[in-house]
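The task is simple: from the sequences and hints, build the whole structure.
As you go down the protein sequences, you meet chains A and B in turn.
Using this note's numbering, the letters of the first sequence correspond one by one to residues 1 to 718.
Using this note's numbering, the letters of the second sequence correspond one by one to residues 1 to 119.
No lab work stands behind these hints, which were simulated from the structure alone.
Check the hints yourself; a few may be wrong.
Below 20 Å or equal to it, Euclidean Cα-Cα: the simulated SDA-like pairs (lysine to any residue) are [what the hints assert, rightly or not]:
1) Lys506(A) with Cys100(B)
2) Lys457(A) with Arg441(A)
3) Lys502(A) with Asp107(B)
4) Lys54(B) with Asp105(B)
5) Lys296(A) with Val207(A)
6) Lys69(B) with Asp105(B)
7) Lys457(A) with Thr84(B)
8) Lys502(A) with Glu108(B)
9) Lys502(A) with Lys89(B)
10) Lys54(B) with Thr468(A)
11) Lys54(B) with Leu455(A)
12) Lys57(B) with Thr468(A)
13) Lys506(A) with Gly119(B)
14) Lys57(B) with His464(A)
15) Lys502(A) with Tyr82(B)
16) Lys57(B) with Leu427(A)
17) Lys54(B) with Glu465(A)
18) Lys72(A) with Ala50(A)
19) Lys54(B) with Ala509(A)
20) Lys457(A) with Pro83(B)
21) Lys506(A) with Gly81(B)
22) Lys506(A) with Asp47(B)
23) Lys445(A) with Leu455(A)
24) Lys506(A) with Asp105(B)
25) Lys200(A) with Ile289(A)
26) Lys68(B) with Asp107(B)
27) Lys506(A) with Lys69(B)
28) Lys457(A) with Asp105(B)
29) Lys506(A) with Lys57(B)
30) Lys89(B) with Met522(A)
31) Lys506(A) with Pro83(B)
32) Lys69(B) with Glu108(B)
33) Lys457(A) with Gly81(B)
34) Lys457(A) with Asp622(A)
Label-pair restraints from in silico Cβ distances [as the list claims (entries may be wrong)]:
35) Gly95(B) with Gly523(A): 55 to 63 Å
36) Ala11(B) with Pro659(A): 34 to 42 Å
37) Lys118(B) with Asp482(A): 18 to 26 Å
Reference excerpt, derived from the structure (chain A facing chain B, CB under 10 Å, subset only) [said to hold, decoys possible]:
38) Asn467
39) Ala501
40) Lys502
Backbone N, C-alpha and C fix where the C-beta goes; we use that ideal spot for every residue, glycine too.
Single-letter residue listing:
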Amino acid sequence: MRLISRLKFQTKISLGTFLIVVAVALMTAIPVSRMASRAIIGESRGRGLALAENLSLRLADAMLTQDLLRMKTMVDELTAVGDDTVYAFVLDDAGDVLVHTFKKGFPVELKAANLAEGKGARVQLLDTGTELVYDFAVPVVISDRRFGTARLGLSRSRAEAEVRHLLLTFSGLSVAAMAAALVLSSIFARRVARRINLLKEYAQEVVGGNLDIETASTLKKNCWEIMDCGRTQCPAYAKPRHRCWHMHGTLCPDCAPADSQGKKSCVRCPVFRENAGDEIQDLAETFGIMAMTLKKQIGALGQQQQLMRTILDATPDLVCLLDAEGRYLAVNRAFAEFLDRSAESIIGHSESEVLPPQQGPDLAPGLAPGWAPGWAPIWASERLAHTRAIIESGQGGQAEVSVPAPQGRRWFHEVNVPVRDGAGRVLGVLKTARDVTEVKRIEEKLLQSQKMESLGKLAGGAAHEINTPLGIILGYAQLLQDDVPEGGQMLEDLRIIERQAKACRKIVADLLGFSRQHESSMGDMDVNESIREVASLVRHTFGLEKVVIELDLDESLPAITGDREKMGQVWMNLFNNARDAMPGGGVLRIRSRLREKDGMLAVSVADSGTGISPEDLGKVFDPFFTTKGVGEGTGLGLSVSFGIVHNHGGTIEAVSPAPPEFRPAEDEEDTDLEAGIETGCDIGGAGGPGTVFHVLLPLRQAATGEAASPAPQHTTTA
Amino acid sequence: MATIIVLDDVADAAIMIKRILSRQGHVVEAFTEEQQAIDFVRKNTVDLAILDMKLLKMTGVEVLEELKKISPATKGIMLTGYPTLETAKQSLELGAAAYCVKPIDRDELESTVAAVLKG
Numbered sequence: 001m002r003l004i005s006r007l008k009f010q011t012k013i014s015l016g017t018f019l020i021v022v023a024v025a026l027m028t029a030i031p032v033s034r035m036a037s038r039a040i041i042g043e044s045r046g047r048g049l050a051l052a053e054n055l056s057l058r059l060a061d062a063m064l065t066q067d068l069l070r071m072k073t074m075v076d077e078l079t080a081v082g083d084d085t086v087y088a089f090v091l092d093d094a095g096d097v098l099v100h101t102f103k104k105g106f107p108v109e110l111k112a113a114n115l116a117e118g119k120g121a122r123v124q125l126l127d128t129g130t131e132l133v134y135d136f137a138v139p140v141v142i143s144d145r146r147f148g149t150a151r152l153g154l155s156r157s158r159a160e161a162e163v164r165h166l167l168l169t170f171s172g173l174s175v176a177a178m179a180a181a182l183v184l185s186s187i188f189a190r191r192v193a194r195r196i197n198l199l200k201e202y203a204q205e206v207v208g209g210n211l212d213i214e215t216a217s218t219l220k221k222n223c224w225e226i227m228d229c230g231r232t233q234c235p236a237y238a239k240p241r242h243r244c245w246h247m248h249g250t251l252c253p254d255c256a257p258a259d260s261q262g263k264k265s266c267v268r269c270p271v272f273r274e275n276a277g278d279e280i281q282d283l284a285e286t287f288g289i290m291a292m293t294l295k296k297q298i299g300a301l302g303q304q305q306q307l308m309r310t311i312l313d314a315t316p317d318l319v320c321l322l323d324a325e326g327r328y329l330a331v332n333r334a335f336a337e338f339l340d341r342s343a344e345s346i347i348g349h350s351e352s353e354v355l356p357p358q359q360g361p362d363l364a365p366g367l368a369p370g371w372a373p374g375w376a377p378i379w380a381s382e383r384l385a386h387t388r389a390i391i392e393s394g395q396g397g398q399a400e401v402s403v404p405a406p407q408g409r410r411w412f413h414e415v416n417v418p419v420r421d422g423a424g425r426v427l428g429v430l431k432t433a434r435d436v437t438e439v440k441r442i443e444e445k446l447l448q449s450q451k452m453e454s455l456g457k458l459a460g461g462a463a464h465e466i467n468t469p470l471g472i473i474l475g476y477a478q479l480l481q482d483d484v485p486e487g488g489q490m491l492e493d494l495r496i497i498e499r500q501a502k503a504c505r506k507i508v509a510d511l512l513g514f515s516r517q518h519e520s521s522m523g524d525m526d527v528n529e530s531i532r533e534v535a536s537l538v539r540h541t542f543g544l545e546k547v548v549i550e551l552d553l554d555e556s557l558p559a560i561t562g563d564r565e566k567m568g569q570v571w572m573n574l575f576n577n578a579r580d581a582m583p584g585g586g587v588l589r590i591r592s593r594l595r596e597k598d599g600m601l602a603v604s605v606a607d608s609g610t611g612i613s614p615e616d617l618g619k620v621f622d623p624f625f626t627t628k629g630v631g632e633g634t635g636l637g638l639s640v641s642f643g644i645v646h647n648h649g650g651t652i653e654a655v656s657p658a659p660p661e662f663r664p665a666e667d668e669e670d671t672d673l674e675a676g677i678e679t680g681c682d683i684g685g686a687g688g689p690g691t692v693f694h695v696l697l698p699l700r701q702a703a704t705g706e707a708a709s710p711a712p713q714h715t716t717t718a
Numbered sequence: 001m002a003t004i005i006v007l008d009d010v011a012d013a014a015i016m017i018k019r020i021l022s023r024q025g026h027v028v029e030a031f032t033e034e035q036q037a038i039d040f041v042r043k044n045t046v047d048l049a050i051l052d053m054k055l056l057k058m059t060g061v062e063v064l065e066e067l068k069k070i071s072p073a074t075k076g077i078m079l080t081g082y083p084t085l086e087t088a089k090q091s092l093e094l095g096a097a098a099y100c101v102k103p104i105d106r107d108e109l110e111s112t113v114a115a116v117l118k119g
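Below, the structure is given as structure tokens:
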């Protein structure tokens, strides 16, 4: 069976055809030859009988007259007529031989071998030892009286020779027919096999990825020529190697619509009748159409895939798809870039291979290049557990996570969604993380400005309440000094009360200044001039503390509307703060710049001091926040400055550590120091991270700060 | 020497100013009720009125307006814990001679009063 199935198709067809012909030949030859031989022998018997009966009739006359000569002539004639007549003889009534045709004497035993009883003829097959002979015995009867018996011997072997001859001819014809059948079937099989092999080649081409195969032959007359339609929009138009009856959406008005199974009935169409081939041709044509459709579908699929990829890669969100085991199935470009790896090196790996495995500063180096320790929310173990929980529960979730990335701390809003199949089983998890650092920053800003607003209200309210009783205390302390003798202890005590009451009054005034509920006298002011004024005021005392003041002022600054005195107070506060941040001396850089496109004027006051910690940075403008010792600062300086700048419609923010452009370069620093102070001074603090205060003031300000001030803004940037 | 009235909703504050100015030799009357102060001006000749801006029923500006109707010669010094440009402008338009921010210092008070009475 296996051998047969392994045979070539062509061989199978040839062999099959041959076997069919052989079977047919055998099935016809055997009964036909049998029937023919029976008929020949039957006919030979009939002829023998007729001859014998004829002889018996003719003998009657000679028997009556006992004419032996005539009888002899008659039997001799018989043997002369056919070469199959072996012998003939006549017996008289007594059984004696009258005449015979034997040349070598009559064989006596033959007389008794066949006896005719009554008036009927009798046929007997005799074996002479050399051949088989049919012996016919016919009685000679005249007027119902039997005179004798005519005997005739007819050879059967001769008839059989005829039969053999017939069979031989028949076999020869059969063999010739078989040979012809073999040749014809081979030709036919080869033709069929060749076309099937062609189809096989097409199929191999398709498997190999070539979908541009042309399986159908060109036609004498194409459908658009037969129909003379001129419909160039038709999908079948000008496609000589594709058959219109295999296509859908043809525009020919004669086209029969496809049935529910998508088959078209084109049997009556003249195009079909003229061009349709056999089944193999049809198969080839369908194959071509299939390849074409496949190509179109693959193209569409590729396009779709490209589109999906573009969407996924274009989004700035970090997107990844994990399977049920926590392995990455797909990641987008933003995700790969964030991890600083290629997408290929991530896909197929589990989270534990891609992310740092554990939490804590004892993270082994080199596990996750680019990641700082303390990367809490992305630790593989946590995330793996999280992924498992989502898969098990089928419940997604969202969370905001903080990530200390190399570019600074980032905030991500992460959404985790379980991915299900049609049956609702969870197959994996889709994780999307959006960078919300900017949103967070704005939120924090808003929160800070709200805090400052309410703090201002609270401080202002408290200050007002204290103001009146404080005024009374101060007044009486001064009044009583008149009533006590000069030089006494009482006078000293009253003076202390007065002094401390005045200190309180200063605090209250500062608080009111911070809460913006104070009088201001706005007018034209030159910011540079105001800065220079204050700088020259403090330059000497700062010099004593080894603090060099460096002015870098933009002389093109226009005058702005502002309160000279109040702004002077702001500079003074900032300069004093800078000095206090550099206990061992350092450089105080003051820069003014015009920022025309923002409609702003920027003043930056930078120190090279100890800097401000990120925790403190958000609090520096809060009233009473101070890092200085008791009695050294009220903690109101920056709050007041904040209030004043705010009142001018401006903003003030602190940045620490200071950006590089505000840090003195090594050589530059030396020059500055030499120029400003005595050489050889220890300038501890000069090399610190430093802090910059940026003050932004609007260029054209309306008469009152309240009227034109933009939304309160106050920022701290880490 | 001059006759002066002080009007403040906080009695202690008014009395304190009265004590300071009395020492200067002025005749000083302290009030907490607006109506009493207005009535006093109607019955007596008053040279100067020191008015707090925030009073019990009225504002210092309104009281000043009333006083000026009764006695145009009476001068006014406004005192306030809530200085604003608007009230300052209003007061000066109504003829106030000075506009001072609380808490006022003894020296500042004495010099302002002296200057106003002189001018």
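Right, here's what the structure says about each hint:
1. Lys506(A) with Cys100(B): Answer holds: Lys506(A) to Cys100(B) is near 16 Å, not above 20 Å.
2. Lys457(A) with Arg441(A): Judged against 20 Å, a Cα distance of about 24 Å means the pair is violated.
3. Lys502(A) with Asp107(B): This hinted pair holds, its Cα atoms lying about 13 Å apart.
4. Lys54(B) with Asp105(B): holds (19 Å)
5. Lys296(A) with Val207(A): Distance ~16 Å between Lys296(A) and Val207(A) Cα, so the pair holds.
6. Lys69(B) with Asp105(B): violated (30 Å)
7. Lys457(A) with Thr84(B): holds (16 Å)
8. Lys502(A) with Glu108(B): Judged against 20 Å, a Cα distance of about 14 Å means the pair holds.
9. Lys502(A) with Lys89(B): Judged against 20 Å, a Cα distance of about 28 Å means the pair is violated.
10. Lys54(B) with Thr468(A): holds (11 Å)
11. Lys54(B) with Leu455(A): violated (24 Å)
12. Lys57(B) with Thr468(A): Since the Cα atoms of Lys57(B) and Thr468(A) sit roughly 18 Å apart, the hinted pair holds (cutoff 20 Å).
13. Lys506(A) with Gly119(B): Since the Cα atoms of Lys506(A) and Gly119(B) sit roughly 31 Å apart, the hinted pair is violated (cutoff 20 Å).
14. Lys57(B) with His464(A): holds (19 Å)
15. Lys502(A) with Tyr82(B): Answer holds: Lys502(A) to Tyr82(B) is near 19 Å, not above 20 Å.
16. Lys57(B) with Leu427(A): Outside the cut-off at roughly 76 Å; violated.
17. Lys54(B) with Glu465(A): holds (12 Å)
18. Lys72(A) with Ala50(A): The hint holds at about 19 Å.
19. Lys54(B) with Ala509(A): Between Lys54(B) and Ala509(A) the Cα gap is close to 18 Å, so the pair holds against 20 Å.
20. Lys457(A) with Pro83(B): Within the cut-off at roughly 16 Å; holds.
21. Lys506(A) with Gly81(B): OK: Lys506(A) and Gly81(B) at ~14 Å, within 20 Å.
22. Lys506(A) with Asp47(B): violated (33 Å)
23. Lys445(A) with Leu455(A): Within the cut-off at roughly 15 Å; holds.
24. Lys506(A) with Asp105(B): holds (12 Å)
25. Lys200(A) with Ile289(A): With a Cα-Cα distance of about 15 Å, the restraint between Lys200(A) and Ile289(A) holds, given a limit of 20 Å.
26. Lys68(B) with Asp107(B): Status violated; Cα separation ~27 Å.
27. Lys506(A) with Lys69(B): violated (38 Å)
28. Lys457(A) with Asp105(B): Measuring from Cα to Cα gives roughly 26 Å; hence the hint is violated.
29. Lys506(A) with Lys57(B): violated (30 Å)
30. Lys89(B) with Met522(A): holds (15 Å)
31. Lys506(A) with Pro83(B): holds (16 Å)
32. Lys69(B) with Glu108(B): violated (28 Å)
33. Lys457(A) with Gly81(B): holds (15 Å)
34. Lys457(A) with Asp622(A): holds (13 Å)
35. Gly95(B) with Gly523(A): 55 to 63 Å: Violated, at about 25 Å.
36. Ala11(B) with Pro659(A): 34 to 42 Å: violated (58 Å)
37. Lys118(B) with Asp482(A): 18 to 26 Å: Holds, at about 23 Å.
38. Asn467: Constraint on Asn467(A) satisfied, holds at 5 Å.
39. Ala501: holds (9 Å)
40. Lys502: This interface hint holds because 8 Å falls under the 10 Å limit.
When the structure is compared with the earlier hints, violations turn up for hints 2, 6, 9, 11, 13, 16, 22, 26, 27, 28, 29, 32, 35, 36 and for no others.
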